[in-house]
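Visitor: As a plain string of letters, each chain reads:
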Amino acid sequence: MTELILQTVLGQETAFYDEGDNAKGLIVCFSALDATNKFNRVSWFKSKEDRHGYSVLYLTDPTYSYYHGEPGKPMFHTYRKIIEYFSRPNKEGDAKPIHTVGSSMGGYAAIYFAFKLKLTSAIVGVPQTSKNNALVHPNSNWITAMKAATDQWIDLELLLQQPNNALPNLYVEYGNYPADKLAAQALVDLYKGREGLIITRKGSSNDHDYFLTANTVTTTACYFDNQDFKD
Amino acid sequence: MTKLLNTKQIISHVAQMFLKSFPNHEVPYDTWVSSFRFWEQNIPEETTKQLKALIPVRDSIAKLIYQHLYIKMPFDREYIFKKYEHQFEDVEYLLYPSTKTKRLVVLLSGYSDKKTYNRYSWYWDENEQWETDTSYLFINDTTGSWYSGFDDERRYSKYINILNNTLNSLNITSKQTFLVGGSMGGYGAIRLGMEISAGGIIAINPQTSINAAKFHNDPTWSVNIERCGDNFIPVDQCIETSDNPPPLYFECGKYAADHEDVKKILASASDKRISIFFNLHGSDKHVTYSPAREKVEALISLFENSAMSLDQGELDAEKMVGVKF
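Chain order of the listed sequences is A and B. For the first sequence, this note's numbering gives the first residue as 1, with consecutive numbering after it. For the second sequence, this note's numbering gives the first residue as 1, with consecutive numbering after it.
Check each hint, because a few of them may be wrong.
Listed below are the simulated DSS-like cross-link pairs for lysine-lysine, each with C-alpha atoms no more than 27 Å apart in a straight line [stated by the list, open to error]:
| hint | chain 1 | residue 1 | chain 2 | residue 2 |
| --- | --- | --- | --- | --- |
| 1 | B | K295 | A | K192 |
| 2 | B | K83 | B | K115 |
| 3 | A | K118 | A | K131 |
| 4 | B | K285 | A | K192 |
| 5 | A | K24 | B | K295 |
| 6 | B | K83 | B | K158 |
| 7 | B | K254 | A | K192 |
| 8 | A | K118 | B | K295 |
| 9 | B | K214 | B | K264 |
| 10 | A | K181 | B | K264 |
| 11 | A | K48 | A | K96 |
| 12 | B | K49 | B | K115 |
| 13 | B | K102 | B | K72 |
| 14 | A | K116 | A | K131 |
| 15 | B | K49 | B | K82 |
| 16 | B | K272 | A | K192 |
| 17 | A | K181 | B | K263 |
| 18 | B | K100 | B | K175 |
| 19 | A | K116 | A | K24 |
| 20 | B | K20 | B | K49 |
| 21 | A | K192 | A | K131 |
| 22 | A | K192 | B | K263 |
| 23 | B | K100 | B | K158 |
| 24 | B | K263 | B | K285 |
| 25 | B | K82 | B | K114 |
| 26 | A | K131 | B | K263 |
| 27 | A | K116 | B | K254 |
| 28 | B | K264 | B | K295 |
| 29 | B | K295 | A | K96 |
| 30 | B | K115 | B | K72 |
| 31 | A | K118 | B | K254 |
| 32 | A | K181 | B | K72 |
| 33 | B | K254 | A | K181 |
| 34 | A | K118 | A | K91 |
| 35 | B | K102 | B | K264 |
| 36 | B | K264 | A | K192 |
| 37 | B | K264 | A | K131 |
| 38 | A | K192 | B | K214 |
| 39 | B | K214 | B | K175 |
| 40 | B | K100 | B | K114 |
Hints are computed from structural coordinates only; laboratory data are not their basis. Keep in mind the model is a prediction, meaning the values are calculated, not measured.
All chains should be modelled from the sequences, with the hints used to inform the complete structure.
Guide: Following this line, the structure appears as structure tokens:
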């Protein structure tokens, strides 16, 4: 068992399970909007066995702004630098795979950062993808948080069309909750329009639930690490 | 008068004569056959008339001579068909049976004018010991009827019978079966895999419906599929009507005929709650070398992992966070 390292980096609280120089890659977990705990999924990777050789970094967004930050204080580069700080290159100096993980707001952030930072994959459950789809959610908490991001906010439907970056490998879970279904369909449409590997899995829940587990995360990450899906 | 020899005697005789000139040490077949062909062209003067009449031998015979010497049979179509091909009614198929089967991989050929079995060279075991835990079944559809059958022929039932008989003989279940195919073979993989509730399906650029097939720049696909009538079922309906649909890896590019039904398939897959792996790439060509052997193996390993079982996933999640699904 490795101890969870809690530290503040660039003013942000982080938690980290360190597999050292031999780590086969980094898993970055983004906490969700209404997290009871500051860091989601800490218990998932508590045992070394469950990490399957990956170091795991936990990030949180105390401003509840989808990791964009408050007006006049954009957070993109802060989180970027934190991820870079915790990722270790291999002996040859090449970058190791980095996978982002999150659900709901954390799912949005996982896809956002995987795309913007050209990371290996995003492994997400029930992500929000746009303000329009969020309107289908009867509670106003999503929209309020999106509005908190002010001009930093961007719908994933638009972001993922930016031509400079390739789409990351994407694993997405969703159920019958209408806002989640719309978001998942939008993501598949995007992948259909461009190119990339998307794994979709639909659960049976009618609520805003997902069924991602530690085993699914590491299995999927290993799979993405070893595959070249280009034509 | 020269005595007539049968094939076994020819092999033994030529092998013995060859050994007199070349030391018996094992090298890969490609290297060995160069030496062998050189020897054939330069046989010693004193060699008998009988031997001179036997050489040069056909490629298939050269391989059997190699097998005679080193107990290893190089890949040879004629030999494999003779020894490993079977027939059910009018459908021929090839089976490499493992001695300790944990899974069956079924490889389906695409549309072709000549009879072939896709990728059967990949899994050929020169020692014929078949000691891995995977058996391989190769099927094709020489009628070009998309594994469905033209008019009144219920051809797909024959394939289902072949699959079931093979599973019985190997003593494994359909969940331990994985189907792989491209183009017409991709459609066949989905059709048969959904029907038997296999463990997973890998389909590369499959034809998905008659409407989609009409986008192809040659009418062969749509004409043949139309001739199948009700025997051909569009992919979204194959998924919808499956009792227990397996995870599906679906790869296609921008070629319109391959791409047309992606959304429909997602909708069916969503309704049936199956894991679907869409690898949507940028190529505008239908023909591809995919899937590579490594990709097939990685996907099967992922299909077999309990992490990919939805029921197991929901159960695990329930344990972790106490949410009831």
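Visitor: Which hint numbers doesn't this structure obey?
Guide: 12, 15, 32, 35, 39 and 40
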